[in-house]
Structures are given as C-alpha cells and as structure tokens.
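Protein chains in written order, with my numbering: chain Y, 1394 to 1743; chain W, 1394 to 1743; chain S, 1394 to 1743.
Don't read these hints as lab results, they were simulated from the structure.
Backbone N, C-alpha and C fix where the C-beta goes; we use that ideal spot for every residue, glycine too.
Check the hints yourself; a few may be wrong.
What the hints assert, rightly or not - Restricting the straight-line Cα-Cα distance to at most 27 Å, the calculated cross-link-like pairs of lysine-lysine (DSS-like) are:
1) Y:K1734 to W:K1557
2) Y:K1707 to S:K1734
3) S:K1444 to W:K1731
4) S:K1704 to W:K1652
5) Y:K1652 to W:K1557
6) W:K1557 to W:K1652
7) Y:K1676 to Y:K1586
8) S:K1586 to W:K1586
Unchecked claim - To give a feel for the contact side, a few chain W residues facing chain S, derived at Cβ under 7 Å:
9) P1413
10) L1415
11) V1416
12) C1461
13) I1612
14) S1686
Each chain, letter by letter, is given below.
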Amino acid sequence: MAATLGELAARFGCELVGDPALVIRRVGTLASGADDAITFLANSQYKSQLKSTRAAAVILAPGDREACPVACLVHREPYLIYARIATSLHPEPVAVPGVHTTAVVAASARIAPTAEVDAHAVIGGDCTVGDGAVIGAGTVLGAGVTVGAGTRIGPRVAVLHGVKIGARCIVHPGAVIGADGFGFAPDHGAWQKIPQVGGVVIGDDVEIGANTTIDRGTIEDTVIEDGVKLDNLVQVAHNARLGAHTIMAAMSGVAGSTKVGKRCMIGGGTVMINSLTICDDVKFTFHSIVTRSVDEPGTYSGHLPAEEAAKWRKNAVRFRNLDEMAERLADVERQLAKLEKTSKDPDGRT
Amino acid sequence: MAATLGELAARFGCELVGDPALVIRRVGTLASGADDAITFLANSQYKSQLKSTRAAAVILAPGDREACPVACLVHREPYLIYARIATSLHPEPVAVPGVHTTAVVAASARIAPTAEVDAHAVIGGDCTVGDGAVIGAGTVLGAGVTVGAGTRIGPRVAVLHGVKIGARCIVHPGAVIGADGFGFAPDHGAWQKIPQVGGVVIGDDVEIGANTTIDRGTIEDTVIEDGVKLDNLVQVAHNARLGAHTIMAAMSGVAGSTKVGKRCMIGGGTVMINSLTICDDVKFTFHSIVTRSVDEPGTYSGHLPAEEAAKWRKNAVRFRNLDEMAERLADVERQLAKLEKTSKDPDGRT
Amino acid sequence: MAATLGELAARFGCELVGDPALVIRRVGTLASGADDAITFLANSQYKSQLKSTRAAAVILAPGDREACPVACLVHREPYLIYARIATSLHPEPVAVPGVHTTAVVAASARIAPTAEVDAHAVIGGDCTVGDGAVIGAGTVLGAGVTVGAGTRIGPRVAVLHGVKIGARCIVHPGAVIGADGFGFAPDHGAWQKIPQVGGVVIGDDVEIGANTTIDRGTIEDTVIEDGVKLDNLVQVAHNARLGAHTIMAAMSGVAGSTKVGKRCMIGGGTVMINSLTICDDVKFTFHSIVTRSVDEPGTYSGHLPAEEAAKWRKNAVRFRNLDEMAERLADVERQLAKLEKTSKDPDGRT
C-alpha cells in the first residue's frame, strides 16, 4: 500500500517538509530505515539518532523539524500519526471469503458469505460469523458463539458456547474465551463445583493476546467493553468487567467479580484480587498487587526493583524484622524524650 | 432440569419455607434473579440485598430466614447446598457417543462406545478413553494416554504420550499435560538437555484450567492426586506432587520436585520454588513467594499491597537502604545506652 | 537403546568401577532405581541415599567412588555425563517421514521428504520444513515460515507468518510464535493499533516451553539466539533479544525491546521491563522485578519470602510507613547528637 509523502501529508493532516513525490512503501526505524521507509521521532531519548537516520522521511513534532536531515511530516502527535500511517502502509489482512473444505461447520451456523473460515476450524451450532470476519485454522467455536463483522480470530483459538464477540476485534492464537470460571464450594475436605452458567460479552475493537484466558461468568456475564486491549498470557476471571479502552499488559490478571473502570492501564504482571472496584483512569505500574478498591484516578505502584543479590538479601532479612525494628525505634524515641527531659531538668524538678 | 422447591428441599436436606410447588428452572443472583430462579445468601456482606431480591427462592442459613421476603431453603451450609442445587439445575453436558468422522484415531486405541470424540481430535496408539468420556474438538492425545470414565477434555487440549487421567476430571481448553520438564545440565557455556522419561498421573475429580501446563517427570511421575483443582495459566513442573483436594488459583506455580500436601489452598500468582515439602492444610494468600518448606498447617503470606505511586516510591527507596537503617538504629540504641549511663552517673563513677 | 557399562564408560570418557558387561537399559533415581538402571550423584545433599541405592550403576565424582556400593562411572562432571548417557539411553523420537493425509499443506510449501507432518497440521504457502523436522498434530504454520532440520514442533503450536526457526529446536505444545507485539498509540481516550511488521528469528538448538508466547517485532525482528531454553508460560515481547544459551524459567517474561545477554539465567516469575540492556552472564533469582539495565555480570535478586501470615502482616504494615520510619530515625539521630553535645558540654560553652 505505497503512497507518496504528499498523499500521506494530506490524508493525515501533517505539514510536509520535503518532496511530495517521494514514494513511501514501508515503516522503518530511525536507525535502520531504508530509502522507501517512513519512521517517527516521538521520544526525545531517540533524538540523537535523528541526524544520522537513513529513512526517507520522519514523522515528528514541530520542535524537532529543524534537526531533521531528511523529509518530514510535522504533527503535534507524531506517535499517533505514525500508527495511522503505518496502518495505511501495512493494512491488516482482509478476509478471503469462503469456508475451507476441511472446516467442520454446523448446519445451523450462519457464516457471512464474505467471512473466511480456515482449515480445520470447527464451528458449532447456531454460531454467527459476521461480514468479513476471519476464523483461523484449527480454531474452535462452541455452540451459539457470535463473532462480529471484521473480527479476526487467529489460528488455534477456543471460544466456548454462547460467547459474544463484537466487531473489528483481533483474537490472537491460543486464547481461550469462555472456559468455566474457577468456583467451588468447600465440601468437608473436598470441593463441590459451582456451575458457571454466565457467558462472556466482548465489545467492539477489542484485542486479545496469545494464550490469554477469559472465563465465563458464574451467573451473569464476564464483560469486556469496547476498545479493551489485552496482551499475552492475561487472565480475566469470572464476572470481571473491564471498562472501555482499558489496557492490560502481559501476565497481568484480574480476579473474580472485580470491576475495572475505563481507560485504565494495567502494567505487566499486575494482579487485582477479587471483588474490587477500580475507578476510571487508574494506572498500575507493572507487578502491582492490588488488594483494595481504588476510587481516585492516578498512578499506583507495588513493586520492589531487583538488586545485586548480596545487597538485596541484607535488606530482605531486615524486612523480616521490620515490625521489631519499628518497636525498637519507638522505644528509642521514648527513652530519648525522657533523657531530654532529664537533661533539661537534671534533678527531676519541674 | 427444572424442579419444584419441594423436590429440592427433600433432595438436598433443607427446611422449606414457602410454596413447595414453586418451579425453579435456573440459578440467579440476589440482585437480579428472575421468578424461576433460586439464589443464595452465604456472605453477610450481601445481606442488604436480601430484602429487595427478585429471585423466586433463596438458600440461606437459619439465622437469615426471618429477613427473607421470598421462599427459602434453610440449611447450615447454604453455599455448599447452592453448589449442589445449581449442579442439579445446570448439569454438565453428557457425552454424545461416537467418533466424529474427521477425528483421527489410531487403530490400537480403545474408545468406549459411550465416549464422545469431537471433530479433528487426534488420538494416538494404545490410548484408552473410558465410558462417557469426552475428547473435545482439536484435542490431541499422544500414544498410550488413558482417560478415565466421565472425564471431559475440552477443545484444543494437548495430552502427551503415556499420561494417565482419572475419572470425572475436567480439562479446559489449551491445557498442556505431559510436555517435557525443564531440565538441562550446564555444558561449558551451553546446556545439555536431560531426557524427561517420567509421566504424569492425574487422579479422579481433578479440574485443570485453561492454558495450564503440567510437565511430565524427569525419571518418575508428576502426580496430581484426587480432587485437585487448578485454575487457568497454572504451572506444575516436573516431579511435583499435589496432594488430594489442593486448589491452586490462576497464575500460580509449583517448581520442580516440590511436594504439596492435601487440602492446601494456593492463592493466585503464588510461586513455590523447587524441592520444597509443604504439609497438609496450608494456605498461601495470593502472590506469595514460597522459598522454604512448611511443616505447620496455617496461613502464610508474602505480598505487599500496591499504593499511590508517590507514597510507594518513597517507601521502596527506603527499602533499598533498610539494612543501613537497621545499622543506624542499632547505633542509636548503643549511644543512647551510653548516654543514659552517663546521665545517671555523669562523672563516670559507679 | 540399551548399552553395557563398558560401552558407556568408553563412549562418555568415564572411569569404570565394576562389571563392564552389565547391561543398562534406562535411567533411574538413587532411591528407586532398578537393576538395569543407571543413576547419578551430583549433589551432596543426596549422598545419604547412595549406600542404599538399588540402581545397577551410579555416575559420580571421584570423591564419591569409595562410598558407592554398586558399579559406578567416575567423572568430574557427573550431572553432565548423566545428561548425555540418559540421552543415549532415551533418545528423542525421530521423524517418521511423510505428510498425514489430513494435514493441509499449501502447494508452494517445501517439505523435506524426511520430515514428518502429523494429522490436522496446517502449513501455509512458501513454508520450508527441513530434513527430519516434525510438525505435530494440529500445529499451524502461517505463510513463509521456515523450520530448520531436525526441529521438532509439538502438537497444537501456532507459528505465524514469516517466523524463522533454526535447526534442532524443540517447540512444546501450545506455544505461540510470532503473534502481534502489543503496541498501541494513545488516541484521545482510545488506542490506535501499531502494525507489527517485524518477524521472529530463532536460532539453532532452542527449546520453547508449553504455552510460551514470543511476539513478532514492531519493525525489526524479535531474536532468540542459539541454544536459548524457555520454560512454560514465558512471555517474550516484541523486539526483545535473548542472547545465546540464556535460559528463562517458567512464568518469566521480558518486555518490549529489552536485550538480554548470553548465558543469562532468568529465574521463574522474573520480569524485565522494556528497553533494558542486560549484559552477559547475569543471573536473576526467581520473581525478580528488573527495572534497570545491568552491565555487571553477577546474581541479582528481588523477592521477599512468604512468612506465617500474622508475622508477614505486621511487617507489611510497617513497610507502608517505612519512609516515615526513616524520617523518625533521622530525627532521633539529630536529637541524640544534640544531647551528646549537651552532655559533654552541659553549660553550652565551647
């Protein structure tokens, strides 16, 4: 999907500095871009690479234009414009309509004529696959699954019965959507399974990473609102709700019945325990252990950075006695207060 | 599987308050239950929802019966009784006997006539699939796998050669059982693989979550005893043993050769390092890092809850100097002791 | 692959103590070995088991030979020699050449005649599968994937378009290689996807664990160098590079664009944030949160071991006030310094 620089400037609302006839065919990096590649500068950390770039053109902010030795597209949001231009140069593959002969599709399933169903896919009864949707090779849809228009489900995904997936979603390989939530009642030393009869409802424009798991609800549905983005190996437990445009990085998880607000950013490895309510616009840095509801937008943290082992160990050992240390400090303060009194009043007279 | 309230009371040993002819068709929540739904009250946190419930009936403890505005089933263990009644109303699907035409089944495999083998499943030589077992779509069983009666293996599961799975187990999609354990000998800057020739033996009534991995043993077997429940994305390394009715929540893991006792409860994200022995009836709260064997039943913890980032950062920085802080505190205590002595005995006489 | 003790001693350069005609058929443990089994003693922790071993022979270090009641192979590196002998006794399965009739292979794919392609595998256009390689049941290779000679890809793996995998690799079930990296530009409260147009390049002799995910690069490639070993449920984000012979234990992860050196050892659950550079020969103990680049080989740690819950809680609560504690300690030191001055110079004269 090549385009000239002039076309890109016009289509994406940038100021053009350079030859509008320059043909751009791909994206590249500042450091290694080729003569038909466009790149971007959005982080001042990389500014030193600008002057030696071999890219054909750079998308950058007004303040960086003077320093750019090649053509540039100037915009106040260079990263966003880069993302849009990159998408126009490297569009997502479109569905090749048709059902592969090895796919097993239930007679009652409704597959749009413009949808693509790949080899060895299995589609259960009463499924609906929308216009231009792609069901990847070896993917299994249980009975009654709905896949919205333009949604692309990668190879080897499992979507269990009754799950609803909106339009323009991307589901990466290995994801499992709608397996039973993890619910058991204690039964005198053993466990009685609690049927998980709720579903999973996924909005539009959601992306779900490789080998991520989203469990069905116990009674009501697990809900993923529009525009949510989940990285790989993320766990979403039964009855959770993720608000629109919330983003969860790899290996993070949300336990049962926790409700996360809109536009939250959940760092990699962060875990939220069950039954919390997290308000909109909360950011957890990576590997936070979230044990309390949050009703104030802002940034929250919870990790201790690794250190050279001998130093770490010394501190970790002290941590084991931190409470005692605190008691000793309080003792010291009390003694000091007494001493001060004595020193001001050595004979105990007032 | 509808039932009248009278039938449920009789079958599950509850005292009935209300109309025995009331027909119950499903479970519901206290807040949103419909007029053919039964729900439960087991946690006093939700008691305030009881008076406005729209459910047809509520399972509750004797102390809550007076407050219930609708019919109720009274029992001292309302959550357990709810689990049992829910299972009777929403039973697990039963096997539809037969092997799908697209399944590839080795001639030497023994599939019970009452078992169900779904589309694109692959079953290796000398496998045994028991009565009423289900092998889901796209699931692969290596050679010599045994699947017990009534066990349901979801779609897209991989069970490697020689794994034994007991009766009435549930294996969710994406689980991998019997891949090689992670064993290598250092070989002068590289690694020599150690063959993993043990197996995996799984008892009865075990549930294994989506995308969970259980490795085969190095020489002997990895063992999962009866009634163990594993959530999603759990890792069980080679030679581990999980005692009967132990439960591991999502994203928890047990490293090589660690033996976990019976009825343990492992919180989400908790990791046990290798070669430990954990006795029966131990509970680890979520995200504990377990580095020592435990020989005393009880509850163990290991996480620091996330805080507002600025506050967290201040404490985290102090942690990096905790050992020095402890030294300074000891210094202060010594000086103080000296000062006290001096103040009592200002001239140094004794 | 049975062998006599004499043959093993000669082939693996060991000193033989005992009957060279003894036939060894398998590996065993020190505690439970059978009369045709060989085992090893490499860790003095297990030396007490030596005298009662029922194995036919033991591989051990020179210092342990006197204590061995059965035949032994003496070598200074008993664990490495054990790994090699075990591999000769229990060799990896070799490819059974041929493409299963249910596999779907694009006409343009080049499959070596000695390669094995199992049931329901799907191989895209322009793929290359090398000599003696195995593509497991239900595995999907996207277009243009290269699989080197002797590489064994387990069942139910997804390898996306253009990924290059070297020779003699092992990829365990459920792994996903080459899914999109997790990249989005903020778009006024929503997210604009950034196309992930790089690939994944994997060297020779790499092992990739079950359900592990390796994302494709954003512009350039994600790179896994020769001899890297990844355990289960590991996450490798876009643009990461793992140096040769680096090893990552289960549930560890490396975020985007982080470069890890050669021969590093990454403990289970350890997470490295994005854009770091870790030099060669760094070891992180398990569950370290790595937030800074490391330019000094050595061992680094970052976990706090779990404790009995009541004790843990007390310390965790103090941690929340650690900064205040540090301030109080500094106050105490200042007061003490003043007091000391006063006590030496009670009248304030200098």
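**OP:** Check each numbered hint against the structure and report the violated ones by number, ascending.
**Re:** Those not satisfied are hints 1, 2, 3, 5, 7, 8, 9, 10, 11, 12 and 14.
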